[in-house]
Amino acid sequence: MKIIYTILLLVGMTCNLYANKANEYPDNFMKNLIDEKYDFAIDNYFTSNPLILNKKQQIIMLKSQIQNIMNIFGKTTEYELAFEETLSPSIKRFVYVLKHTHHPTIWEFFVYKPKDKWIASSMSFKDSFNILNKYQ
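Going by mature numbering (1 follows the signal peptide of the UniProt record, and there is no 0), the letters in the sequence shown line up with residues -21 to -1, 1 to 115, in that order.
These are calculated hints, taken from the structure and not from any lab test. Just so you know, nobody snuck in bad clues.
Computed beta-carbon distance windows for the label pairs:
(1) 15 x 59: 17 to 27 angstroms
(2) -2 x 47: 27 to 37 angstroms
(3) 95 x 51: 37 to 47 angstroms
(4) 54 x 93: 30 to 40 angstroms
(5) 33 x 70: 17 to 27 angstroms
(6) 68 x 36: 31 to 41 angstroms
(7) 47 x 96: 26 to 36 angstroms
(8) 108 x 65: 19 to 29 angstroms
(9) 46 x 69: 24 to 34 angstroms
Below, in silico cross-link-like pairs of lysine-lysine (BS3-like), each with a Cα-Cα straight-line distance of 25 angstroms or less:
(10) 34 x 94
(11) 10 x 92
(12) 42 x 16
(13) 105 x 34
(14) 92 x 35
(15) 16 x -1
(16) 42 x 54
(17) 16 x 105
(18) 34 x 92
(19) 78 x 16
(20) 96 x 34
(21) 105 x 35
For clarity, every value in this text was computed on a predicted model and none was experimentally measured. Where a beta carbon is used, it is the ideal one built from N, C-alpha and C, also for glycine.
I would like the entire structure built from these sequences, with the hints used as guidance.
This is the structure we're talking about:
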């Protein structure tokens, strides 16, 4: 099983390293959450950004937090793109609603294009709807 996870992780990392569209990182992340691949979702999302990959303790905490919210709010059923915002030619923001059986969570992603490829810059999630009004 560990070998299969490693192979899937490497394949996912390779796919994300060559993402050409800004929305590929957050969209793939959300798909992995729906498929209940929580740890893989985190690892795969940040593959393009070595700065974040080196923060191993924070990644472990994030994985634990995601597992906890899944336990609290229930099984994920689907996700919706609430909105996409171009902050500059090199920075985009995406906000998604992840629907659970008990209560939705709101996910905010920032991607950055330093040269010719997009990289994952940051992501956060909340169980309140305030983030939906943040920039509107």
